[in-house]
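Novice: Quick note on our numbering: the sequence shown kicks off at 1 and runs consecutively.
It is worth saying that the hints were derived from the structure and are not from the lab. Backbone N, C-alpha and C fix where the C-beta goes; we use that ideal spot for every residue, glycine too. There could be a bad hint or two in this list.
Stated by the list, open to error - Okay, derived cross-link-like pairs now, PhoX-like style, lysine-lysine, Cα gap no bigger than 25 Å in a straight line:
1) 433 - 183
2) 514 - 439
3) 145 - 123
4) 321 - 81
5) 439 - 532
6) 95 - 145
7) 123 - 272
8) 532 - 437
9) 176 - 437
10) 514 - 433
11) 439 - 95
12) 514 - 451
13) 451 - 81
14) 439 - 538
15) 161 - 145
16) 530 - 437
17) 87 - 176
18) 81 - 95
19) 95 - 161
20) 81 - 315
21) 439 - 530
22) 514 - 538
23) 145 - 81
24) 161 - 81
25) 178 - 81
26) 433 - 95
27) 274 - 315
28) 451 - 439
29) 272 - 321
30) 123 - 176
31) 437 - 451
32) 95 - 321
Claimed, not checked - Distance windows between CB atoms, simulated:
33) 105 - 473: 19 to 25 Å
34) 445 - 14: 51 to 57 Å
35) 473 - 242: 49 to 55 Å
36) 170 - 11: 28 to 34 Å
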Amino acid sequence: MIVSSICAILVISIYLVIVYRMLALSGIIGMGLTTLLDILIFNLFNIQVGPTVILSLIISLASSVIILLNYYKRTQEDAYKGRALGKASNEGFRKTVSTAIDSTVILVALGIVLAVVSRESVKSFALFIFISAALNILFVFLMSKGLNNFLLNSSLNDNVKLFGLNENYVEDLDGKTKEVMPKTLGEKIDVTKHSNKTLIATIVSGVIAIASLLVFTFTSTTFNYTSADSYGRIEVRSTNTQLFENLDKVLDVDKDLSAQEKFVYYLENEVKVKVKNAWTITDQKNPLEDDKYYIYFYADLENVLSDEDMANFEKLENYVKVGDNNASFVGDENAQVTAYTVNPGVVRSDFANTLILVAITVGITLVYFIVRYRYSIALANTASLILGSGISIGLISLIRLEVSNQVGIAVLAGAIMTMLLFIPINNRLAQVKNESKTKITTFAQREEIAKTAYKDSLNQYFVVFLGEIIILLCLIPVVSLKLAPMYIACLISLIINALLGLFMVLPLHLFFEKHLTSRKSLEDKQKIAKAKREKIAKTNRNKGAEPEEIIIPGIND
């Protein structure tokens with residue numbers, strides 16, 4: 001995990017330093033400190049770090065980068081308007097607070113809920129998300145602001161190039177610049193062009209993909225059908241590398257057998273299952289103790305685990321966690337011992353739990369986004385995540401990637417990474433609306449605001465999206481062959497969800513804005529507003545007018 005953390009932070013740091021230079025130093029320090037604290041907390045509570053925790057690390061870093069990029073971009077925007085760097089930093093911080101709070105709250109909520117409802121193998125994934133999200137806002141965002149205040153109020157701010165600024169784009173007192181700032185990639189792309197056709201094509205392709213998933217999964221006459229039977233798998237993960245070394249003291253085992261062979265012998269003679277294939281991973285360094293490593297035992301069985309096998313499985317769990325006095329072996333109470341069914345190329349029971357977790361994630365996202373933003377953007381985000389996750393699962397099945405619980409968690413992680421990409425766009429939408437100097441009453445005005453917010457945030461969307469892909473691609477070669485499918489599945493989920501979000505969210509948002517708003521209620525509001533304006537105008541006309549003269553007979557007639 002330490003190597004993966006260094007690799008991920010290094011990739012992010014290179015980009016931040018190139019683009020933002022000294023402005024990014026505080027953020028890089030904050031990310032490094034947060035990751036270190038995450039590992040120390042896991043050490044303190046003796047929580048086992050499995051492969052899925054690496055995915056939660058990437059989610060944590062993605063959240064950090066989204067917050068930092070938003071902060072740096074808003075700071076540079078205000079600096080280019082002619083403000084001093086210190087004041088620009090304060091304004092950038094103010095505009096980024098909502099993004100930081102939103103990403104933190106939603107990740108904390110997801111971490112708590114997933115930890116409560118998920119299986120043991122997912123709990124460490126959920127706990128890491130919860131802990132890192134809480135630390136992000138303290139050490140990445142707030143500490144970054146504090147360190148930048150120190151730098152920006154020093155003599156270094158005389159040279160704006162040190163902070164990634166170009167003097168030719170800074171406005172003078174008349175609001176003029178030496179050169180016109182070139183358009184960013186986000187400003188050049190118009191995703192609303194032919195938006196109706198794009199939206200229809202996306203929805204149709206999604207429906208076809210999900211229908212294909214059902215057909216290819218459950219129909220025996222299609223090319224994707226596999227005659228391979230489902231089989232059981234047993235996994236043991238522990239920090240104690242001597243798990244099966246002393247079995248010869250309690251069983252009739254040849255002393256020359258390796259630990260893996262003794263593991264297989266134990267399964268076949270004590271758990272009473274037939275092992276088809278087994279492997280061991282011992283090169284995963286243990287962050288809890290520098291001189292020790294995690295050990296992973298995996299065994300593919302010839303058949304699916306029966307109820308009787310599961311009863312015998314408790315012997316293995318008891319041996320690993322409690323130990324055996326006769327074998328002079330002290331158990332590891334924090335070890336993970338799991339058994340599940342693998343369905344090659346077929347989506348069945350192993351994905352049931354994952355589908356529930358994806359549904360929970362989408363549900364929490366929908367509720368929070370409705371509370372924080374307009375219902376239209378919340379529905380657009382949610383529809384994109386549902387369709388993207390469905391297509392991802394379908395594609396994973398079609399390419400015959402091994403279906404397992406870890407692969408399911410990877411699909412979930414890709415959906416969460418994409419959900420984080422939506423937050424800056426949603427916040428920017430709210431900011432542009434609040435900064436508008438005219439009252440927003442028409443759909444054309446709302447459409448213009450949505451396009452402006454989308455273009456302003458699209459660069460961050462691309463940068464974080466590509467950063468996540470690069471980190472995943474860096475991790476795939478360094479992990480063992482048996483763990484690679486998990487990261488490949490996460491890559492598929494991330495790419496599909498992010499691309500759908502890019503081309504689908506804005507058209508859907510505008511569609512909901514245009515068609516789901518009650519026309520009758522809108523007309524009623526306009527009539528009420530018109531009546532109020534007429535009443536106020538009439539009152540103002542009568543105010544100060546001379547009273548009519550009263551005619552008194554015999555006096556002034």
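Novice: With reference to the structure, classify each hint as holding or not holding.
Specialist: Hint check results:
no.: 1; hint: 433 - 183; in the structure: holds, 22 Å
no.: 2; hint: 514 - 439; in the structure: holds, 18 Å
no.: 3; hint: 145 - 123; in the structure: violated, 32 Å
no.: 4; hint: 321 - 81; in the structure: violated, 63 Å
no.: 5; hint: 439 - 532; in the structure: holds, 16 Å
no.: 6; hint: 95 - 145; in the structure: holds, 13 Å
no.: 7; hint: 123 - 272; in the structure: violated, 29 Å
no.: 8; hint: 532 - 437; in the structure: holds, 21 Å
no.: 9; hint: 176 - 437; in the structure: holds, 22 Å
no.: 10; hint: 514 - 433; in the structure: holds, 17 Å
no.: 11; hint: 439 - 95; in the structure: holds, 21 Å
no.: 12; hint: 514 - 451; in the structure: holds, 14 Å
no.: 13; hint: 451 - 81; in the structure: holds, 22 Å
no.: 14; hint: 439 - 538; in the structure: holds, 23 Å
no.: 15; hint: 161 - 145; in the structure: holds, 19 Å
no.: 16; hint: 530 - 437; in the structure: holds, 20 Å
no.: 17; hint: 87 - 176; in the structure: holds, 20 Å
no.: 18; hint: 81 - 95; in the structure: holds, 15 Å
no.: 19; hint: 95 - 161; in the structure: holds, 23 Å
no.: 20; hint: 81 - 315; in the structure: violated, 70 Å
no.: 21; hint: 439 - 530; in the structure: holds, 14 Å
no.: 22; hint: 514 - 538; in the structure: violated, 34 Å
no.: 23; hint: 145 - 81; in the structure: holds, 20 Å
no.: 24; hint: 161 - 81; in the structure: holds, 16 Å
no.: 25; hint: 178 - 81; in the structure: holds, 13 Å
no.: 26; hint: 433 - 95; in the structure: holds, 13 Å
no.: 27; hint: 274 - 315; in the structure: holds, 16 Å
no.: 28; hint: 451 - 439; in the structure: holds, 17 Å
no.: 29; hint: 272 - 321; in the structure: holds, 19 Å
no.: 30; hint: 123 - 176; in the structure: violated, 55 Å
no.: 31; hint: 437 - 451; in the structure: holds, 17 Å
no.: 32; hint: 95 - 321; in the structure: violated, 50 Å
no.: 33; hint: 105 - 473: 19 to 25 Å; in the structure: violated, 30 Å
no.: 34; hint: 445 - 14: 51 to 57 Å; in the structure: violated, 41 Å
no.: 35; hint: 473 - 242: 49 to 55 Å; in the structure: violated, 36 Å
no.: 36; hint: 170 - 11: 28 to 34 Å; in the structure: holds, 30 Å
Checked against the numbered hints listed earlier, the structure breaks hints 3, 4, 7, 20, 22, 30, 32, 33, 34 and 35; every other hint is satisfied.
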